Amino acid sequence: MAKILIPTPLRHFVNGQDAVEIAGGTVGECLEKLTTDFGDLRKNLFNDEGKLRSFVNVYLNDEDIRYLDKTATAACDRDTISIVPSIAGGR
Amino acid sequence: MATTAVPVALSNEEVLRYSRHLILPEVGMDGQLKLKAARVLCIGAGGLGAPLGMYLAAAGVGAIGMVDFDVVDRTNLQRQIIHGTKDIGRKKLDSAAETMLDINPNVNIERHEVALSSENALQIMKDYDVVVDGTDNFPTRYLVNDACVLLGIPNVYGSIYRFEGQASVFATKDGPCYRCLYPEPPPPGLVPSCAEGGVLGILPGMIGIVQATETVKLILGRGETLIGRLMLYDAMNMKVREMKLRKSPECPICGPNRTIHELIDYHQFCGVPKQPAQPEPVAAGGEIDAVGLKELLDRNHNFVLIDVREPHEYQICRIPNAKLIPLGDLPRRVRELDPAAEYVIHCRSGVRSAKACTVLRDAGFRSVRNMAGGILAWSDKVDPSVPKY
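For the protein sequence lines, the chains are A and B, in the order given.
All residue numbers for the first sequence refer to the working numbering, where the first residue is 1 and numbers rise by one.
All residue numbers for the second sequence refer to the working numbering, where the first residue is 1 and numbers rise by one.
Mixed in with the good hints there might be a few duds.
Stated by the list, open to error - Computed footprint of chain A on chain B, listed as stretches where at least three residues anywhere in the stretch have a Cβ under 8 Å from a Cβ of chain A: (1) 159–172; (2) 299–310.
Said to hold, decoys possible - Here chain A is said to cover these stretches of chain B; the calculated rule only asks that three of the stretch's residues, wherever they fall, bring their Cβ under 8 Å from a Cβ of chain A: (3) 41–51; (4) 237–247; (5) 253–266; (6) 377–384.
By construction, these hints were calculated from the structure, which means they are not laboratory data.
All values derive from a computational prediction rather than experimental measurement.
Where is the CB? At the ideal position from N, CA and C, for every residue including glycine.
Turn these sequences into a full structure, and let the hints guide you.
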């Protein structure tokens, strides 16, 4: 089971949880499962073509999956998948 | 970046003031003179700008520019500790400068009372050694980043939302920039601002101080900065994590095949209109003001008043007889409502209720009116005992 860390702006789509444990062989499969379990999250992570949106960064542990195998990156037990959305607050 | 120390000296007062720096081998006299010679620009004198301005002044950064055009209001004081209750209504620049000069009269505060724009950004930023981004919106963040890349000035980044913060150092010679991390902004409305989503008052203190620390390290040319690393701070769980950042080979402004060579229209890029959006045209009878709503209530007119705010907002204040259905719940709770009845919808300021009106009209409701100005207008025009937030 990989652990997906949910950032604050997206927590209300997953019943307020800050992390969700998901079984899946790749990062893409885990995210697919996550957005199937929590349907409202889907449009925030994926575009209409099913591609990850460009303002959503996904990390496997501390590495950006864009520099690994993207959504095909293997995710093992004890791996942490982080969704890091852009935030702009400062005032 | 390592600012070349110009041959200035410290006065005896400064030697005493900075003595805890001067006896640190990593700062010492050389470092303190570098700080004195340095020029740092803070974009924003708000949540992040407050601790930044105060600590940079205390540290003895010789010239501190501040860009802001706002005035202090009461809702700022929960976090913007550079301003006090006595400053409500004053220009933030004046209030901030007064605090900073009180902390350290040896520094020069350079006030830029403008909204940073594609037209003025390069001119304002070009004379500084480090730029610190403490803004609160996506268009300005992309503008600051792009201007820093074009000018070759490091961009000390910090951003906050509710209980979470991010910090990094962008746009150094070989390091990644903000666009390497986020090539494009989210569509407008997807990520609420602090004004809409709330923010823990201490959070900008934490992130602003990280930015101040990175700024001082860049000036000293010491230590390991956040170049190539994104720091993520979660105040609720008190966790700090870091992610690796890389210079993107496809970055449109700092990559080898860059497509952006000058500043662009950032409002258009972020899909945000420059002027506040015109209210959506409403059908005749589509809107009602606070006084009109009061009249309906007073004459016991038969209608349903719906409050589409969140439960925690409903606890702060409410209009009598309003039924609470948060906007996010409305689509699945529409079936609780009679489409033939008459409705008035309200929220805090009138924006969410306008969206709710659309939801109901799309569901076939015939008589739906938006209460203009929300409960804020109710407080202003009908019942001043209702607190504003």
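Here's how the hints hold up against the structure:
1. Here the stretch 159–172 of chain B counts 7 residues with a CB under 8 Å from a CB of chain A, which clears the bar of 3, and the coverage holds.
2. For a cut-off of 8 Å, the count of residues in the stretch 299–310 of chain B with a CB near a CB of chain A stands at 0, and the three-residue condition is violated.
3. Counting residues of the stretch 41–51 of chain B whose beta carbon lies closer than 8 Å to any beta carbon of chain A gives 5, which meets the minimum of three for the stated coverage.
4. Coverage of the stretch 237–247 of chain B by chain A holds. Counting CB-CB distances below 8 Å, 7 residues qualify, and the rule asks for three or more.
5. As drawn, the stretch 253–266 of chain B meets chain A at 0 residues by the rule of a beta-carbon pair under 8 Å; below three, the given contact is violated.
6. Chain A is given as covering the stretch 377–384 of chain B, and this is violated because 0 residues of the stretch bring a CB closer than 8 Å to a CB of that chain, at least three being needed.
Hints 2, 5 and 6 from the earlier list are contradicted by this structure; the remaining hints agree with it.
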